[in-house]
Amino acid sequence: MFSERCLYCHGKKEQAVSWTALFWKGESDLLCGACKAKLMVIHGDICSMCSRPLDELDSKFIEGDRCLDCVRWEKDSNWSGCLDKNIALYSYNDFLKELLSRYKFRGDYVLAKIFAVQLQTKIKRAAPDLIVPIPLSSERLYERGFNQSEALIIEVNHTPSHLLERIHTEKQSKKSRDERIHLQQVFKITDTDTIASKKILLIDDIYTTGSTLRHAGKILKQAGATQVQSLTIAR
Amino acid sequence: MRFAVYNNRLVPEPLLPSAEKTEPISKLPTIPLQPLNPDFPFNPDLQTILTGKQLLLDELPFELEEIQTHYENGFLAYRKSIELKGKQAICIRCGTKDPAWFASYPCARCKESCTYCRQCLMMGRVSSCTPLISWTGPEPEAQPAERILNWAGSLSKGQKEASSRVVEAVETDSELLVWAVCGAGKTEVLFAGIAAALAEGKRVCVATPRTDVVLELTPRFKAVFPHTTIASLYGGSEDRQKHAQLTIATTHQLLRFYQAFDFMVVDEVDAFPYSVDAALQYAVKQARKQGSALVFLTATPNQKWQQECLSKKRAFVTIPARYHRFPLPVPVFVWCGNWQKHLQKNKLPSNVLNWIKHRINSGNQALVFVPQIEQMEKLLPLLQTLHPDILSVHAEDPYRKEKVQKMRNKEVPILLTTTILERGVTFPNIDVAVLGAEDRIFAESALVQIAGRAGRSKNFPSGDVTFFHYGKTEAMVRARNQILKMNQVGKQRGLLD
Chain A
1 MFSERCLYCH GKKEQAVSWT ALFWKGESDL LCGACKAKLM VIHGDICSMC SRPLDELDSK
61 FIEGDRCLDC VRWEKDSNWS GCLDKNIALY SYNDFLKELL SRYKFRGDYV LAKIFAVQLQ
121 TKIKRAAPDL IVPIPLSSER LYERGFNQSE ALIIEVNHTP SHLLERIHTE KQSKKSRDER
181 IHLQQVFKIT DTDTIASKKI LLIDDIYTTG STLRHAGKIL KQAGATQVQS LTIAR
Chain B
1001 MRFAVYNNRL VPEPLLPSAE KTEPISKLPT IPLQPLNPDF PFNPDLQTIL TGKQLLLDEL
1061 PFELEEIQTH YENGFLAYRK SIELKGKQAI CIRCGTKDPA WFASYPCARC KESCTYCRQC
1121 LMMGRVSSCT PLISWTGPEP EAQPAERILN WAGSLSKGQK EASSRVVEAV ETDSELLVWA
1181 VCGAGKTEVL FAGIAAALAE GKRVCVATPR TDVVLELTPR FKAVFPHTTI ASLYGGSEDR
1241 QKHAQLTIAT THQLLRFYQA FDFMVVDEVD AFPYSVDAAL QYAVKQARKQ GSALVFLTAT
1301 PNQKWQQECL SKKRAFVTIP ARYHRFPLPV PVFVWCGNWQ KHLQKNKLPS NVLNWIKHRI
1361 NSGNQALVFV PQIEQMEKLL PLLQTLHPDI LSVHAEDPYR KEKVQKMRNK EVPILLTTTI
1421 LERGVTFPNI DVAVLGAEDR IFAESALVQI AGRAGRSKNF PSGDVTFFHY GKTEAMVRAR
1481 NQILKMNQVG KQRGLLD
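Read top to bottom, the protein sequences are chains A and B. Each residue of the first sequence is one higher than the last, beginning at 1 in my numbering. Each residue of the second sequence is one higher than the last, beginning at 1001 in my numbering.
Honestly, the hints are just simulated from the structure, not real lab data. These figures come from a predicted structure and were not determined experimentally. From the three backbone atoms N, C-alpha and C, an ideal C-beta is built for every residue, glycine too. Where hints are given, some of them may not hold.
Stated by the list, open to error - To be clear about the criterion: a stretch of chain A counts as covered by chain B if any three or more of its residues have a C-beta under 8 Å from a C-beta of chain B, and this derived list gives those stretches:
{"#": "1", "segment": "104-115"}
{"#": "2", "segment": "147-160"}
Stated by the list, open to error - Beta-carbon label-pair distances, calculated as ranges:
{"#": "3", "chain 1": "A", "residue 1": "Gly44", "chain 2": "B", "residue 2": "Gly1235", "range": "21 to 31 Å"}
{"#": "4", "chain 1": "A", "residue 1": "Glu74", "chain 2": "B", "residue 2": "Pro1398", "range": "35 to 45 Å"}
{"#": "5", "chain 1": "B", "residue 1": "Ile1441", "chain 2": "A", "residue 2": "Glu165", "range": "48 to 58 Å"}
{"#": "6", "chain 1": "A", "residue 1": "Leu141", "chain 2": "B", "residue 2": "Ala1100", "range": "21 to 31 Å"}
{"#": "7", "chain 1": "A", "residue 1": "Thr209", "chain 2": "B", "residue 2": "Ala1223", "range": "46 to 56 Å"}
{"#": "8", "chain 1": "B", "residue 1": "Lys1401", "chain 2": "A", "residue 2": "Thr209", "range": "32 to 42 Å"}
{"#": "9", "chain 1": "B", "residue 1": "Ala1100", "chain 2": "A", "residue 2": "His43", "range": "25 to 35 Å"}
{"#": "10", "chain 1": "B", "residue 1": "Lys1410", "chain 2": "A", "residue 2": "Glu139", "range": "37 to 47 Å"}
{"#": "11", "chain 1": "B", "residue 1": "Tyr1399", "chain 2": "A", "residue 2": "His43", "range": "39 to 49 Å"}
{"#": "12", "chain 1": "B", "residue 1": "Gly1235", "chain 2": "A", "residue 2": "Ser48", "range": "53 to 63 Å"}
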């Protein structure tokens, strides 16, 4: 699918030949220069726990190398240690918001390929035993036609382990932060046997409050996982 | 969703009484239609929403069982949205065939690899397991109106002739191109034809490429046709489920219609580059009924259409003069050398500079068109040293509206712009210049539209139009010839004073 057109804006794209392009089709050769420039790779000073860029945060929301949100999560005995670390690729700016919304709400599956190279690098570095997508409810899955987190795993040629199932069906985005954090059970485990002493990498599209990922992390740890990290496109 | 053909009927998998071999709809060789059962108590709400449309199951707020019973009684049809021919896919909704616009995904609905169309994705995804649903039962009855047209204005001689040709097209269900110069008053030319169609209970659609135009036309039509139900459709509009006698829509929205209209008007056909033309033709063909009336409106038909007019292959009528009976300003070509090189050195060719200084000194407002945003950004600070209130505007400018308003309020002496202001926007008394008229972006139609910005008001019917260039192009010559020709025809027909 080497195309002359940008996968996102369909504008003509200048052909740059690179070695990675021969093996992996990632952002660098699927997007045109203008779109590529709008994707902001997360780098520099970031929260050691959730990858949030710290330079755009007021200093009163930073404690040491962590953002205040993560400090609060870790102080809460309910949630401390549920998620070991979140790795994120890009800042959740207006461009990425639009891109991800077209990807998952409009269902433009092929956009998953944009993130393949970056995801592959991060997955390799994390070296997990199991890669677990955040599941959708069956209603939501039918509505969208695919699970956006699972698609990310498939598009880098890994095998998703479906260890989680959703209990609640209401849309996350319609709930307030408080509701999301204090909801009791969001997921249940489908296959308890495979989890003990495993390093697990959760995949989701966006880290917003971190609540979804911690809910998943909590039951995975309870089931015996030794490490639970997460990898998201946006933070 | 998967379907089976069972007892010569298409049945969705969840409604099958027994286990049958199922397929995504695009993989079924034929989809049987059912005969109409006139005694079937159909749901009038479904009729209202679905008549003349082609919608997805997700767009219909009805249970699958109810939709299926309407199908089984011949009141609706399931159609494929994606036609698969070997490896090639065709989008039945938007007509796309280019493989670059298709992709596939492992689908949770049909549990197979599903091919989807990315071209019309924003209208709701269609894929090889997505049926298009349309109404095949009787249409809702049109409400006959006492007095349809409520308009006291009068038409110019040129408008009158065009108007009666439009009425004739409606009465004979034929095709017509209305070639009306910028400022001729083409909307008024439609009123009599639309009224004639509505009087017979026909459904009418006015389609235009731009949302701005839909928003501008809607109140005008509502005032002129006060007793008619009117739907105004654009991305995000609220009239989506309304069944209306008169629909004003962006050409994009036509994709949701299927064999709906008895009379269709397509405004600004020239606003499309040739490549998009095929897609537009497809959408128009799908949305109108077979053998219905079709009127195209344009100020600048493309080469192909002009030739078809000249060789009498296309029925057309021209309004070669403006309603105020003054001739169109004719562009003057001025060679200005390598202006881009000048810009690099933060300079302007002296004739361009003089033209601008002259406007500033005389206090006459002007629009200056520049091919690229980057060049415009280079030019702006240069000109602002001449006058601090000079501004620039382009398509993605967040302050576009405000800047245009400032121009209207005469707070801006000179507004620099890309082709975004080439059409639609009218300032009563301005001069117009193009810097770099040789650029490919300035096609014949763009240049005619740009020249058409000047002399719009009857109080200021003339205006200077200058094309500064670094090498005259064929598009420039054609544009000027088109304008000269229109003035000549206008004079011959006694439409100019």
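Hints and how they fare:
Note: the segment 104-115 of chain A has 5 residues with beta-carbon separation from chain B under 8 Å; the three-residue rule is met and the coverage holds. Residues of the segment 147-160 of chain A lying with their CB closer than 8 Å to a CB of chain B number 3, which satisfies the three-residue condition for coverage. Checked against the hint of 21 to 31 Å, the C-beta distance between A:Gly44 and B:Gly1235 comes to roughly 38 Å, which is inconsistent with it. In this structure, A:Glu74 and B:Pro1398 meet the distance hint of 35 to 45 Å, their C-beta atoms being roughly 40 Å apart.
The hinted range of 48 to 58 Å is satisfied by B:Ile1441 and A:Glu165, whose Cβ atoms lie roughly 54 Å apart. Distance hint for A:Leu141 and B:Ala1100: a CB-CB separation of about 28 Å, consistent with the stated range 21 to 31 Å. The hint said 46 to 56 Å for the Cβ distance between A:Thr209 and B:Ala1223, and at roughly 50 Å that hint holds. In this structure, B:Lys1401 and A:Thr209 meet the distance hint of 32 to 42 Å, their C-beta atoms being roughly 36 Å apart.
Here the CB-CB span from B:Ala1100 to A:His43 is close to 33 Å, well matched to the stated 25 to 35 Å. Checked against the hint of 37 to 47 Å, the C-beta distance between B:Lys1410 and A:Glu139 comes to roughly 57 Å, which is inconsistent with it. Separated by about 32 Å at the C-beta atoms, B:Tyr1399 and A:His43 break the suggested range of 39 to 49 Å. Separation of B:Gly1235 from A:Ser48 is about 43 Å and departs from the stated range, judged on CB atoms against 53 to 63 Å.
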